[in-house]
Amino acid sequence: MATLPLEGVRVVAISLVLAGPFGSMLLADLGAEVIRVESIHHFPSITRGYMPRPPQFMVPTTGEKSGGFSGGLQTYVDHEAGERPWNRFALFNVQARNKLSCCIDLTRPEGKDVFRRLIQVSDVFYENNSPQVMDNLGLSYEALSGWKPDIIYLRMPGLGLTGPYRDFPGFGAQLDAISGHTLLRGYPGRDATYTTGEVYHCDACAGATAAFAVLCALHFRRRTGKGQLIDLSQIESFIPQLGEIFMDYTMNRRIETSFGNRDPFTAPQGCYRCRGEDRWVVISVTSDKEWEGLCRAMGNPSWTKDERFATNQGRLKYQDELDELIEQWTLRHDHYEVMYILQREGVPAGPVMDQRDAYHDPQLRSRGFFEEVAHPEAGIHFYPGMLWKMSKTPLSIRRPAPCLGQHNEYVFRELLGLSEEEMVRLEKELVIGGDAYI
Amino acid sequence: MEQALSDVKVLDLTWYIAGPYCTKMLADYGADVVKVERPPEGDPARSIGPFLGDEPHPEKSGLFLHLNTNKRGITLNLKTDAGKSIFKELVKNVDILVENFSPGVMDRLGFSYEELEKINPKLVVTSISNFGRTGPYRDFRATEIVEFAMGGEMYSTGSPELTPLKLGGNVVQYQAGTIAAVSTMGALLWSRQQGVGQHIDISIMETQAGGADRRNIYLLGYAYGGVVTQRWPSGGAAAVRSLLPRGIYPCQDGFVMFLGLPQWWPRFLKLLGLEGEPRFQNFIDTTHEDEFRAIWFSWLVDHTKEEIFKLCLENRIAGAPLNTVEEVVNDRHLEYRGFFVEIEHPVVGRVKYPGAPFKMMESPWQAKRPAPLLGQHNEEVYGQLGYTQKDLARLKEEGVI
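Protein sequences, first through last, are from chains S and V. Residue 178 in numbering that gives the first Met the number 0 sits at position 179 of the first sequence, with consecutive numbering throughout. Residue 276 in numbering that gives the first Met the number 0 sits at position 277 of the second sequence, with consecutive numbering throughout.
Simulated from the structure, these hints should not be mistaken for lab results.
To give an idea of the chain S side of the interface with chain V (calculated C-beta under 8 Å), a few residues:
id : residue
1  : 21
2  : 71
3  : 204
4  : 225
5  : 248
6  : 260
7  : 346
8  : 354
The C-beta atom is built at its ideal place from N, Cα and C for all residues, glycine as well.
Bound-form chain S, shown alone (with noise of 0.2 Å):
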């Protein structure tokens, strides 16, 4: 009995920067085989890394602060970029887990020739590249079908495969400004630009969908034989994840803005500051039992009697007031002992975690959510776990992020039984293999 889901089902995946690879380690972490096709001649940026060999500036060496060139985006192994960069690189590392590596030069014939053979042995080709990147390599969905008939080909660029700004360069920064969600995580109050950092659901949301859409398509392809393409533009698959402030629009021509820390319907909801440097609580009260027992919390103090209060109508016309007020009593006590202290009384609250209080969170930890992993280049480190479990076909980070060609042997010779001389020609020509980037 296969022991995981999606064990003999293989992944082709040319996939770069965030939301490609998240999609695919999904995959990965469900069973399939994902191989990596990179190419030693070809850097994609902010996938292993900015640049192969990056110079210093963009290797921060600073450990507390993260400011900079790119911030926490930059992180190699004890800031050591060392010799072989594109091994140790935070980014890439976490996502790449339990997936393979092999190296090929898709612009030469014979490349080609190999790439053909690996995608007539496998089940899926999965890229985020920008459209015309996998049209110019001749790689199009008529190409691949030619050589596969039944292959679930998914391609998901940041604004989809049609359509005037198909071959908009995006990231996922760009995304989350086109498809609205910007402007609706702002400071009300205050213009865009204090909306800083360097969060992007778009990426978590895109890679997720397209996993959901492989799986489908396999599905359908067990029941019917067919294999097909799938058309994934990432703002698409977002804008579903806002849809009710879209629906208040198509309705009723609203136009929702930021509520930023607040919630439209209930009273008091924010983010107060807590004793000790940069260190803040959530609370979310949400009835009026919830509000009687944040009261009973702060040991009932006597503005809490106030009559302006006494309702959710009041609490959030007076949201400003109690706000401070509230924020006078989270200042006296610790991130996590404010949560302890409300959960007790039923008040939804909680710290907001920085990575330290993440690794370190008695939650996280119980249910065995880092997992330590060994790596050939990297060392031994906890990485952040799977995503969900399952209680018959539990899943685990089963090897490391693969090594740049780490799985060329593999590949080529085990899986595609490429003859001896062939292996030896194709690599002295660098058409296939290597483990550096030239």
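Since chain S is already given, all that's left is putting chain V on it; use the hints.
Coordinates of chain V only, in the frame set by chain S:
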């Protein structure tokens, strides 16, 4: 046209957002989803806005209408004996059951996974909760903002002089629903192959902590180098070590978001008409930063969002407008692709909804029916189980349906 999941049957016990979005994804790609609501009020999302005409009404909630397309709806009181026995009959004939009650609720109703497995060994049961079915926070209460604060990357979202900031709407719960749909499909494929179902335990906190909105990268960044992310200064001040624009900037009629790769610097110079300008050839040489910024900001206010987007498309630069909701609905690219679709609903009428999250060429997304009215398919679904009109009248009287 046949859909990807046309042969899949789902029993949907979900409410609010995360669970319903999971089953919406299944229903929109063809699964027969029967949504079970408790009488008399149904899914609490029916009482959450926005409402058509701002009039609170159980059939006019935009949230509920969006989240429940393509599902059939029945009412059933699972706390009654008759309700429990009907529920068991329903469980026999489905592939998937999804629920997002607080942990322990299903067990108390007598529907623990172990019990359900006895009724239907092939059943996939997906349980979504704030913190998962185990652990010290299992019974803690949470809402959207609490889930993001604890699981996600709220700490570094926003400006350093202000509070950490939540994301828009309810995206954390929607994302949990999306992840739930992925895991459910994985389990379904295995169940169809092996003839054995299983139980999936989804913690919304973990869907955030393992998520690619950067949280997973920043967590590993801490393990790799002790990096704790901070909130960024506003106004482009974060780019202190280079001339490369990055972040949100004001333009003539709104705001634009720019992000540049080092190798794109020549494209930027071309965009601004500064090719060959010796002061700015090296983007990390900030000697003439003030002069560069003066040119950059005046260029921005000379152009509208639309003009800037057009120029960025031509010059292949990652710069884009901050669109309003209205601009998105009327966007010509989305219109070209037919993204928003009109769906007719008996109470709300014809309204545009967000459409397919992806286009499958052989087994497409379809809007076959609007969200169900409360109990709309009682006769149809219970009729299939053999209940007569008379039985249904009695069950209604007894408060079962």
